[in-house]
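*Asks:* Chains as they are written, first to last, in this note's numbering: chain C, 1 to 541; chain F, 1 to 704.
It is possible that part of the hints are untrue.
[Unchecked claim] In silico DSS-like cross-links for lysine-lysine, where the CA-CA straight-line distance does not exceed 27 Å:
1) C:Lys-405 <-> F:Lys-327
2) C:Lys-264 <-> C:Lys-207
3) F:Lys-85 <-> C:Lys-405
None of these hints come from the bench; they were simulated from the model.
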Amino acid sequence: MTLTHLPERSTTPAWANDPVGLEIMWSRLMAIADEMWSTVLRTAVSSVIGAAQDFGCEILDAQGNGLAHASRSMPVFNLVMPVVTRAMLSRFPVEAMRPGDVYVTNDPWICAGHLDDITTVTPVFRNGRVAGFASTVAHATSIGGMLDRVRARDRLEEGLFIPPDYLYRQGEPNHTLFAMLEANVRSPEMVMTDVAAQVAANDVGVKRVNAFLDEYELDDLRELAAVVQQRSEQAMRRAIAAVPDGIYRNQEAVETPSGDVLLKATIIIDGEEIWVDYAGSAPEQPVGGINCTFTYTRAHTAYPLKCLLTPSIPSNEGCFKPMHISAPEGSILNAGPYASIGTRTKTGWHSHGLIFGALAKAMPVRVQAGNGLMHGLYAAGREVDGKPFTMYFFTGGGRGAGGGKPGLGYNCFPSSAGNIPVEVFESRVPILVEERSIMQGSGGSGALPGTPGHRFRLRRLPGSNADVRLYLHPDRLRHPAPGLFGGGNGNLTRVLLNERDITNGTGHMASGEVDLATDDDVYTSETAGGGGIGEVPDSPG
Amino acid sequence: MNTSELPQHALSFDVGGTFTDFTLVDLASGSVIAEHKELTDAEDPSRSSLAGWRELIAQGALDPAALQLVVHATTLVTNAVIERKGARTAFLTTYGFRDLLTFGREQMYDIYDLFAPLPEPLVPDELRIEVDERVTRDGTVLKVLDVDRAVEAVQSMVNAGATAIAIGFLHSYLNPDHEARAAARISEAFPDLDLSLSCKVAPIIGEYERFSTTIADAYVKRLVRVAVGGLVESLHREGLAADCDVHIMTSSGGIVASSDAFQRPIRLLESGPAAGALAAAFHGKLAGRTNVLSLDMGGTTAKACLIEDGKAGLAPVLEAARVDRFKPGSGLPVIIPVVDLIEIGAGGGSIARVDEMGLLKVGPESAGAAPGPACYGLGGTLPTVTDANLILGYLSEDGFLGGRMELDRTAAANAIGGLAAQLGLDMEATAWGINRVANEAMAAAARIHAIEKNRDPRAFSLLAFGGAGPVHASAVARILGTREVIFPPGAGVASALGCLVAPLAIALARTLPGRLDTLDWEAVDQLYQEMETEAMSSLAAAGVARERVSMRRSVDLKLSGQYHELTVDFEDADHTGPRPRLEEDFVRLYSDRYGRMLTGLAIEATTWRLNATGPEGAVQLQAGEPGTADPSSALRETREARFLGRGDGLIEAPVYLRSSLRPGMALKGPAIVEEANATLVLQPGDAGVVNPYGAIVVAIGEPQ
């Protein structure tokens, strides 16, 4: 009889401590997420996905922890896919999952904070077990409900709610759900095609992750995830430790249809950990969709912290372990299950300014003065032949100064979307864009000035006789992008119909609908400028 | 001219950032008569071109009267846009849209970098002028162009010093009338101005990209005319026959007459990589392979290009002057057909470091040529891929660049030793790690490039060239699962040969949107007639007869509403014939690529493309007679090096001189082959044979 020495299976695989092997494996997973991303981009049909790129893709381990996201994923989506996946796991036990399953939800309390973002999650199966997940979130062009989000009183008015469910069960479509979705959205063919793009992207992810596991002879992604997350966490801890300990506070006003309310943040940096608490912020608001679900608040807190602390590390679950984020239940940043949430960016996007302002003294060179913020228009109506149309038109805001530089042009931060070309927009909707120009002097003054805002003007396409309505929920009508260290604020946003301020100078919009009833009606918006940094140096003489 | 009396020669010169490479070929024998390198004169590249020309004459290699073909590739346009050396250019556009150049696409190209800068537009703020005019989405004129105002506007820009004007009006891809009328009056009033029209340069929907392309074209026009035109005149003065034109390499891998290049000079952008891809296709064919994946690894970057049926694919757009070279979205978009390749920051000079996570990263930062890798001894102290390859025994300390350069092993060891201490690895393990991470990065890029075209890289032969490519190719092949690697001869100077095998060719594209089921095929016919006339006039300028031109048509198709298309080839624009075929081909391609086909959506055409190609370059390499399989006569020495699957230590391996290898000789890995500008590595299990054209064709051994 021969004594065979079986190699003992060590608890930690050899590559776990190998800075070369680990780099190679993790890069491979990021490349897979990028491939998923390009599948969505190339097969989606809506402008919001195909042109503006409002979506994200991620690979997660079998416990639903994020491991690798696409390099151009929407930042906030990267933070919600793990939440959605874990929610799926809590509702659909992992033992009951089967190859060919695809899960779906748009539940804003676990997903991206409004009904419009649909998440799909597909398990990666290996030897009959779930080895990980591929997930995609994308902004649906319509989810039904009222178009004028400014007037919504609860989320039931804002469209279809899809509780976590099967989209496919062992490869078979959930016909009821598909039919329900199709029957409850505007431009159903567009929405259904975009959902198909998400499913196709997940398929690609599943296939590639399986090939990856084959190559490395792994049963699942768990060990790799644990190691990567641990190293990311350590890097984040070191970055936090480099920031002076202390308690930092800030507050910022949020514009609601019925008046201003406050957001308050208290940030505690203690050694290697950071606490962000929003105690003292306003309660949930009854109208206007400006409430944030906590998942959304958490994502928009973690993202700016990540930009400040470890901008060069790809995001994954480990980065966020040293962060403790809380908001009082029932507050505008942790809204209850029926709150209206459709314009939540008007609140959630202010977490960035809140955090940058609070940490300005602690990290003076890394923070950014207030951003003018992206302006989104939603155009809907019918061509003269009865054909309905719906389309988004995004334009970025003026950037705040920061990083030792003046505001550097325009982008849609804190969204990673891009704008939509005027020619493409016009080719799809009966609207004529007459102007897109910089409003010189509208950026915050300072040693480092902010980027000015811009003006765009449009009207119904003359002679089209189309039914054209616009829906908008502009921000910074009353509160400008703040400057830092003595820098000036940016100019306010203005919205004009036929050259008259539609808020009559009050900065209050009771409705977000603008009807372009005739060829002569001209809509103009002037977006907010970015904030400046530092006082303007005295001019010589 | 009695050609039978004179030798027939072809000359290419490829102006790169550092060197200008010359290759002189005898067309009758197919042999390379001379190769020459000249340091590129950054101020005036034509000076170095002329210097090399004179040097080749002085050497007795070049007889200008014998030249049948002269091809010129240049980084002039690429560098002019990066270094902002073009003309003071003005932009005339539709009222309300002058600031569009500043807005760009308003997208973050790095989602965690709050302060990533956007590229500075080529036209300064004060030279952007608007004029009243408007065309709508279907080409209808809503507001007639105010031509007088346009001329006044141009006058003011000329007064402000503009010497070039780009004209870009909204929807001019559908209705070019306003741009054409403005141009007619402007060129009448200002005959010396350089003028570029968006409806001519890039008649494609999407105003920012179209205008950006048009501006870049106007921006480099004078520069190209003066530099290239001056050079061509000089060459004719110095003996080049009057009937032998100098042809210019373009981004799409075709060459055009120099006079034609002046008309639309933006097509000269990135012509060097296109030449490399052509050389790869050429060498692949000589080895009997029409499906190859080329891997061109130089000092700063590695480029991979998929070649199918002997041809590289074309991509519709590229970015010039990126703020961050490897971040898409950080450059100025230019819509021209360009050889479709993927470029990553992994070259011989790429710097290795430890990131915040404690992981080993290689590139994209590069030590470049100066200070260069630590082992060059030119002042570099950071560890690079080349340093790692020296430590691993792949590179020779005394045989680098054919013995012209010595490498400093101690300097390499010091550089890598520092990194090793940070990683907690020993020096050799660190060098091995750098090599592996670089291999993985190249393999990942090549795989993504292939997968995006729905191709399995395992079905391709890897063709390795560039100064650093052949060291890594055998290991990269294993990662990709590729079974064969081809090392062409002269791997360090392949691009110059690529110029000589390039066909005279022109690629054109125009937007004419419409659903396939309701398409106006007469308008499509009209479009193709116009494009063919344009292509023919270009090719005729280069002396190509109509009957020798092949016209390939393709169209970008998508499902109604999508923003991204698939390009489908079709035979002709017959009104009834191609339509069902187009639908069928699109459905097949779409299902292949994306797994599932969506039904119920109409198929839409957007951009119609024409590739007009003349005869290929006349260069034929001569085949040698295979002789003995024994390579021992080419053995230079044995050297210790680290190889795949042979443990952590170094093992003894034979080192061959490529110049002594003869057709038929067989090589077994582990082995190293040294040539003037590159080093080839065969890993254990590899079996190579020198083919009649001097390429080494290697069957890859078992995976590591």
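*Asks:* A separate judgement is required for each hint: does it hold in the structure or not?
*Replies:* Against the structure, the hints come out as follows:
1. C:Lys-405 <-> F:Lys-327: 20 Å, holds
2. C:Lys-264 <-> C:Lys-207: 45 Å, violated
3. F:Lys-85 <-> C:Lys-405: 25 Å, holds
Hint 2 alone, counting from the list given before, is not met by this structure.
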